[in-house]
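Chemist: Line order of the protein sequences matches chains V and Z.
If you read the first sequence in our numbering, its first letter stands for residue 4, the second for the next number, and so on.
If you read the second sequence in our numbering, its first letter stands for residue 58, the second for the next number, and so on.
One or more of the hints may lead you astray.
Said to hold, decoys possible - One side only, chain V facing chain Z, incomplete, derived with CB under 10 angstroms:
#	residue
1	LYS4
2	GLN9
3	PHE39
4	GLN41
5	LEU47
6	THR48
7	LEU52
8	TYR79
9	ALA94
10	GLY106
11	THR110
12	PRO113
In short, the hints are calculated from the structure, not lab data.
For each residue, glycine too, the CB sits at the ideal point set by N, CA and C.
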Amino acid sequence: KQEVTQIPAALSVPEGENLVLNCSFTDSAIYNLQWFRQDPGKGLTSLLLIQSSQREQTSGRLNASLDKSSGRSTLYIAASQPGDSATYLCAVAGANNLFFGTGTRLTVIP
Amino acid sequence: DVKVTQSSRYLVKRTGEKVFLECVQDMDHENMFWYRQDPGLGLRLIYFSYDVKMKEKGDIPEGYSVSREKKERFSLILESASTNQTSMYLCASSLVAGSTDTQYFGPGTRLTVL
Numbered sequence: 004k005q006e007v008t009q010i011p012a013a014l015s016v017p018e019g020e021n022l023v024l025n026c027s028f029t030d031s032a033i034y035n036l037q038w039f040r041q042d043p044g045k046g047l048t049s050l051l052l053i054q055s056s057q058r059e060q061t062s063g064r065l066n067a068s069l070d071k072s073s074g075r076s077t078l079y080i081a082a083s084q085p086g087d088s089a090t091y092l093c094a095v096a097g098a099n100n101l102f103f104g105t106g107t108r109l110t111v112i113p
Numbered sequence: 058d059v060k061v062t063q064s065s066r067y068l069v070k071r072t073g074e075k076v077f078l079e080c081v082q083d084m085d086h087e088n089m090f091w092y093r094q095d096p097g098l099g100l101r102l103i104y105f106s107y108d109v110k111m112k113e114k115g116d117i118p119e120g121y122s123v124s125r126e127k128k129e130r131f132s133l134i135l136e137s138a139s140t141n142q143t144s145m146y147l148c149a150s151s152l153v154a155g156s157t158d159t160q161y162f163g164p165g166t167r168l169t170v171l
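Generate the whole structure from the sequences, applying the supplied hints.
Modeler: See below:
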């Protein structure tokens, strides 16, 4: 069964820093990988989706990469802002199921 | 914008009660999903549906059932609520069959079973 791991579980950075969040998965036979943001007590918001044939996707200050062979993805956030504070979840898509990591809780300090 | 709504943000029920959680999406999506989210365990799939009256078990279906009588509505049913079903429940939908499409999530229902 697919297992998804996100390290670290929590991260604090000063405003303006660039940062990288990590996601690893055990089974490289995936359809895509998705990054989500979750604010406290709220649902998930989709940030980026990388198809299995792609290496990266960009949206604004966010860039996600995918290395299927090594079972890794990274989410790069440029010039972090206090509004970026949230929990970031990665999810790996199988045929009918998304397998989620437990998330990285990011705090951007003004 | 896709909108997924859930009937309650917070719910408190007693052990043994029958509990209904409702989810509605307004974008004519084929797929709908129910997850629960627990600290340290992440999101786990309970059930999903890829068409009206169709349902498939996810990873943790025990103690739950679902109903999809209309395309836009997907209900999660706890036949006899237990304390270990205290959790955050999240509904999601996606346009096409399978899990290869972006999923859109509702705001969640925090259920407490006493």
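Chemist: All hints, please: hold or fail.
Modeler: Taking the hints in turn, this is what the structure says about them:
1. LYS4: holds (8 angstroms)
2. GLN9: holds (9 angstroms)
3. PHE39: holds (8 angstroms)
4. GLN41: Cβ of V:GLN41 sits 9 angstroms from chain Z, so the hint holds.
5. LEU47: Nearest chain Z Cβ about 4 angstroms off; hint holds.
6. THR48: Cβ of V:THR48 sits 7 angstroms from chain Z, so the hint holds.
7. LEU52: holds (5 angstroms)
8. TYR79: It is violated, given that the least Cβ distance between V:TYR79 and chain Z is near 20 angstroms, above 10 angstroms.
9. ALA94: holds (8 angstroms)
10. GLY106: Holds. Min distance 7 angstroms.
11. THR110: violated (17 angstroms)
12. PRO113: With Cβ-Cβ at 27 angstroms, over 10 angstroms, it is violated.
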